[in-house]
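Participant: Given next are the chains, with one letter for each unit.
There are 2 protein chains.
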Amino acid sequence: MVIGGDATGMSAASQARRLRTASELEIVVFERGHFTSFSACGIPYWVAGDVPERDSLIARTPEEHQARDIDLRMRTEVLEIDVAGGQVRACGLESGAESWTDYDKLVIATGARPIRPPLPGIDAPGVHGVQTLDDGQALIETLERTAGKKAVVIGAGYIGVEMAEALVKRDYGVTMVNRGAEPMSTLDPDMGALVRTAMCGMGIEIVSAAEVTAIRTGADGRVSAVVTTEAEYPADVVILGIGVRPETELAAAAGLPLGKHGGLLTDLAMRVRGHENVWAGGDCVEVLDLVSGLERHIALGTHANKHGQIIGSGVGGGYATFPGVVGTAVSKVCDLEVARTGLREHDAHAAGLQFVTVTIESTSRSGYYPGAANMTVKMLAERRTGRLLGVQVVGGEGAGKRVDVAAVALTAGMTVEQMTALDLGYAPPFSPVWDPVLVAARKAVAAVARRG
Amino acid sequence: MVIGGDATGMSAASQARRLRTASELEIVVFERGHFTSFSACGIPYWVAGDVPERDSLIARTPEEHQARDIDLRMRTEVLEIDVAGGQVRACGLESGAESWTDYDKLVIATGARPIRPPLPGIDAPGVHGVQTLDDGQALIETLERTAGKKAVVIGAGYIGVEMAEALVKRDYGVTMVNRGAEPMSTLDPDMGALVRTAMCGMGIEIVSAAEVTAIRTGADGRVSAVVTTEAEYPADVVILGIGVRPETELAAAAGLPLGKHGGLLTDLAMRVRGHENVWAGGDCVEVLDLVSGLERHIALGTHANKHGQIIGSGVGGGYATFPGVVGTAVSKVCDLEVARTGLREHDAHAAGLQFVTVTIESTSRSGYYPGAANMTVKMLAERRTGRLLGVQVVGGEGAGKRVDVAAVALTAGMTVEQMTALDLGYAPPFSPVWDPVLVAARKAVAAVARRG
Chain A
1 MVIGGDATGM SAASQARRLR TASELEIVVF ERGHFTSFSA CGIPYWVAGD VPERDSLIAR
61 TPEEHQARDI DLRMRTEVLE IDVAGGQVRA CGLESGAESW TDYDKLVIAT GARPIRPPLP
121 GIDAPGVHGV QTLDDGQALI ETLERTAGKK AVVIGAGYIG VEMAEALVKR DYGVTMVNRG
181 AEPMSTLDPD MGALVRTAMC GMGIEIVSAA EVTAIRTGAD GRVSAVVTTE AEYPADVVIL
241 GIGVRPETEL AAAAGLPLGK HGGLLTDLAM RVRGHENVWA GGDCVEVLDL VSGLERHIAL
301 GTHANKHGQI IGSGVGGGYA TFPGVVGTAV SKVCDLEVAR TGLREHDAHA AGLQFVTVTI
361 ESTSRSGYYP GAANMTVKML AERRTGRLLG VQVVGGEGAG KRVDVAAVAL TAGMTVEQMT
421 ALDLGYAPPF SPVWDPVLVA ARKAVAAVAR RG
Chain B
1 MVIGGDATGM SAASQARRLR TASELEIVVF ERGHFTSFSA CGIPYWVAGD VPERDSLIAR
61 TPEEHQARDI DLRMRTEVLE IDVAGGQVRA CGLESGAESW TDYDKLVIAT GARPIRPPLP
121 GIDAPGVHGV QTLDDGQALI ETLERTAGKK AVVIGAGYIG VEMAEALVKR DYGVTMVNRG
181 AEPMSTLDPD MGALVRTAMC GMGIEIVSAA EVTAIRTGAD GRVSAVVTTE AEYPADVVIL
241 GIGVRPETEL AAAAGLPLGK HGGLLTDLAM RVRGHENVWA GGDCVEVLDL VSGLERHIAL
301 GTHANKHGQI IGSGVGGGYA TFPGVVGTAV SKVCDLEVAR TGLREHDAHA AGLQFVTVTI
361 ESTSRSGYYP GAANMTVKML AERRTGRLLG VQVVGGEGAG KRVDVAAVAL TAGMTVEQMT
421 ALDLGYAPPF SPVWDPVLVA ARKAVAAVAR RG
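Here the protein sequences line up with chains A and B, keeping their order.
Per the numbering used here, residue 1 is the first one in the first sequence, and the count goes up by one each step.
Per the numbering used here, residue 1 is the first one in the second sequence, and the count goes up by one each step.
Just to be clear, a hint being listed does not mean it is correct.
Repeated chains share a single entry, so a pair holds when one copy, or any two copies, can fit it.
Unchecked claim - Listed below are the simulated SDA-like cross-link pairs for lysine to any residue, each with C-alpha atoms no more than 25 Å apart in a straight line:
| id | residue 1 | residue 2 |
| --- | --- | --- |
| 1 | K149 | D289 |
| 2 | K169 | P370 |
| 3 | K260 | A22 |
| 4 | K443 | E64 |
| 5 | K443 | S14 |
| 6 | K443 | G173 |
| 7 | K443 | G316 |
| 8 | K169 | G371 |
| 9 | K443 | R60 |
| 10 | K169 | G367 |
Don't read these hints as lab results, they were simulated from the structure.
With the hints as constraints, model all of the structure from the sequences given.
Facilitator: Written as structure tokens, this is what we have:
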């Protein structure tokens with residue numbers, strides 16, 4: 001039995017079905033929403049109009065899953081898990097009918113939900129999260145209905161930044177209100193400053209170090225402004241881009257183990273710790289950060305899909321594990337590509353690591369080749385050992401996915417000196433003769449030697 | 001003392017100068033050509049007109065080097081190395097004056113030269129190699145002088161393919177005559193076939209499995225056709241893209257050790273084996289292939305620069321090593337990106353390895369994101385161990401540099417199963433939720449399991 005019919009849940013169900021026939025294994029999935037297997041990451045591009053159709057974000061429809069012998073029960077919300085009894089209580093959202101269903105094996109894939117701080121007016125019409133296709137649909141309907149063209153995005157993580165760009169494309173005047181010093185808090189502030197410059201260039205007003213205290217509503221009850229301790233920003237629509245929390249209330253009520261970020265804790269095979277026949281994965285679990293050795297919560301479709309694959313193998317009687325993450329993420333802001341992997345300075349400090357940092361400027365292609373774009377690479381290496389700890393990249397086309405090289409190097413536990421010898425693809429349309437990542441590694445080697 | 005003032009030689013000289021002042025270390029460089037530190041890899045793009053200026057291919061001029069206390073002697077050819085006596089005999093090409101010069105430490109960076117098979121007519125005007133800026137200049141002059149617009153490219157490696165495209169851009173009718181079954185012999189034929197399709201789409205005529213027997217000349221003594229055992233192809237200009245050989249005649253005459261590809265053999269610090277005070281690097285040496293354990297000759301600017309850096313460290317009293325290569329290369333053919341790393345099927349057989357191969361189709365971005373390009377990934381994994389052996393990629397924009405992920409994984413000795421857990425950057429503008437390299441790795445895991 002699977003709770004949640006998105007990336008993790010449906011990947012798990014599909015993989016289990018590949019390993020076991022319908023006569024060997026009955027698979028029931030409860031999904032409270034209207035959709036399955038959709039790309040939440042694609043919502044900003046749908047809102048922006050880059051992706052014209054909602055349905056192109058759907059990898060597989062409920063009907064396609066049902067045709068593969070998966071008993072998928074849409075619009076059905078699980079209200080309670082009885083772990084000792086091996087059953088769940090679910091409610092049909094259309095009918096209102098409740099019933100208990102037994103399981104031998106349970107998969108919890110309840111995902112995450114946008115953080116909605118308990119501010120006055122936070123539930124007013126016109127305030128939108130962008131976590132589900134239903135959320136996206138509601139936002140687009142608001143945008144189409146609203147006469148005014150002022151938007152405020154609260155929060156400046158990936159989703160906030162992508163949504164700010166999407167709204168600019170829809171001719172909104174966009175203000176981004178951000179608690180941190182710079183947008184893109186997934187980067188160190190010095191790299192985030194590069195993102196701010198690009199966003200200002202797009203006409204986005206960025207308010208940093210700001211604390212939102214209320215959402216103001218107009219006479220019609222709809223949102224009219226976002227209020228901070230310092231000022232007030234008129235808004236016809238407000239986007240919540242503050243981040244997400246694991247959706248683990250059901251699991252908590254059932255007594256399953258949660259970590260300090262509120263996510264379920266699992267073993268390497270994605271089984272909930274202490275429970276042989278309960279698995280969990282995707283946005284509702286915490287994952288091991290292989291660089292810091294600490295647990296993190298990362299809501300990202302690529303992990304959710306991997307988890308589903310591994311859970312499906314386990315449920316189907318196979319074997320696979322998820323060793324952990326190195327914290328890779330990539331995003332696009334206008335023409336700027338923004339990426340990171342491993343630890344930021346803050347993360348490294350928190351993990352008790354001492355380190356050097358270097359930052360270099362280079363180009364995505366040979367300098368003389370048409371379309372060579374500037375890119376900045378920041379690298380963290382451990383003091384003394386020279387072990388790579390993290391890389392951040394901000395630059396033009398071709399910059400972002402270069403972070404993958406560092407992601408693999410982190411996974412392999414390479415030192416920056418080992419990285420300088422990496423045999424990366426070189427030709428003028430693709431890279432300078434020294435790839436920017438290697439230029440950073442060379443500089444990091446020198447910094448490690450100097451620091452001692 | 002350095003023989004050769006291109007990538008390796010000048011990188012070595014510069015790095016040694018960074019470590020040692022002019023009073024500590026005198027640095028003499030002999031260069032027989034007109035240029036230093038230029039990008040040979042950029043020549044096709046200069047010929048194509050993508051790079052308008054010859055001088056933009058020059059990273060640093062002779063004057064710039066000389067200003068940094070490097071005694072750079074241009075247009076000076078070394079004729080003999082006396083290893084026992086620690087001296088070289090050189091000749092000023094303008095003056096004709098010869099003299100012996102002593103050295104304490106010698107760096108051999110003589111590069112490579114295009115293979116010119118001993119065919120009738122091979123030295124006729126209109127037959128061009130494209131190894132040096134002088135070669136490129138001569139070719140451009142031929143193209144500007146020649147009324148006819150028919151070109152034949154002999155050979156279908158990277159340079160041949162890039163030159164074919166460059167000539168199409170200059171409105172030439174291009175025939176590529178190739179000994180192999182498919183163009184791009186650096187790929188397996190099944191992947192090369194994808195390149196052939198793209199080249200044919202550009203209007204390039206491809207003659208495969210053809211043996212050139214002669215270059216025919218006209219009444220004016222200039223090239224008029226390329227003759228094979230089967231046919232004759234009219235030509236106003238002929239490009240030799242058959243590959244290059246290490247330029248090691250001097251070294252061979254001096255009794256220095258050469259490998260089976262004709263390149264100098266060095267230790268890990270790039271010192272010529274058995275010679276404490278002689279270093280060699282770049283296109284004139286053989287390098288260790290870390291995947292096969294065999295020596296290879298790879299003429300590529302990125303290795304040449306790394307070698308120079310390492311040699312300069314050694315000469316300057318520092319320490320660095322070059323562990324070897326995994327055989328990464330990337331190229332662009334029209335809108336197609338072509339890349340490889342590790343072993344092809346042929347290489348793996350030759351190294352005594354048993355393996356499985358898988359090929360998958362995916363897209364460079366999320367399928368629903370604008371500009372998502374098709375890409376094909378082929379992966380080789382060792383039988384039983386599942387160790388990654390090689391990856392080949394052919395696809396649209398964003399495909400080529402993905403091979404870097406596999407290059408790092410090869411360096412780290414990862415298995416394809418370990419690769420399936422890699423935390424690569426994901427967002428719709430950059431990748432499907434499963435990166436194509438990971439899709440291939442998943443399929444390879446299954447193939448290894450089936451093969452046993």
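Participant: All hints are to be evaluated individually against the structure, with a verdict given for each.
Facilitator: How the hints compare with the structure:
1. When the C-alpha separation of K149 and D289 is checked against a cutoff of 25 Å, the pair qualifies neither within a copy, at 41 Å, nor between copies, at 60 Å.
2. Taking the shortest Cα distances, K169 and P370 sit within 25 Å of each other only across copies (15 Å), while inside one copy they are farther apart (27 Å).
3. Proximity of K260 and A22 under a CA criterion of 25 Å is satisfied in neither setting, with 38 Å inside one chain copy and 60 Å between copies.
4. Proximity of K443 and E64 under a CA criterion of 25 Å is satisfied inter-copy only: 23 Å between copies versus 52 Å inside one chain copy.
5. Taking the shortest Cα distances, K443 and S14 sit within 25 Å of each other only across copies (16 Å), while inside one copy they are farther apart (47 Å).
6. For the homomeric pair K443 and G173, neither the shortest alpha-carbon distance inside one copy (41 Å) nor that between copies (47 Å) is at most 25 Å.
7. Taking identical chains as interchangeable, the C-alpha atoms of K443 and G316 lie at most 25 Å apart only when they sit on different chains, with a minimum of 18 Å there against 48 Å within one chain.
8. For the identical chains of this complex, K169 and G371 are neighbours both inside a copy (24 Å) and across copies (18 Å), given an alpha-carbon limit of 25 Å.
9. Taking identical chains as interchangeable, the C-alpha atoms of K443 and R60 lie at most 25 Å apart only when they sit on different chains, with a minimum of 21 Å there against 47 Å within one chain.
10. For the identical chains of this complex, K169 and G367 are inter-copy neighbours only, at 21 Å across copies versus 31 Å inside a copy, given an alpha-carbon limit of 25 Å.
Hints 1, 3, 6 from the list above are not met by this structure, while the remaining hints are.
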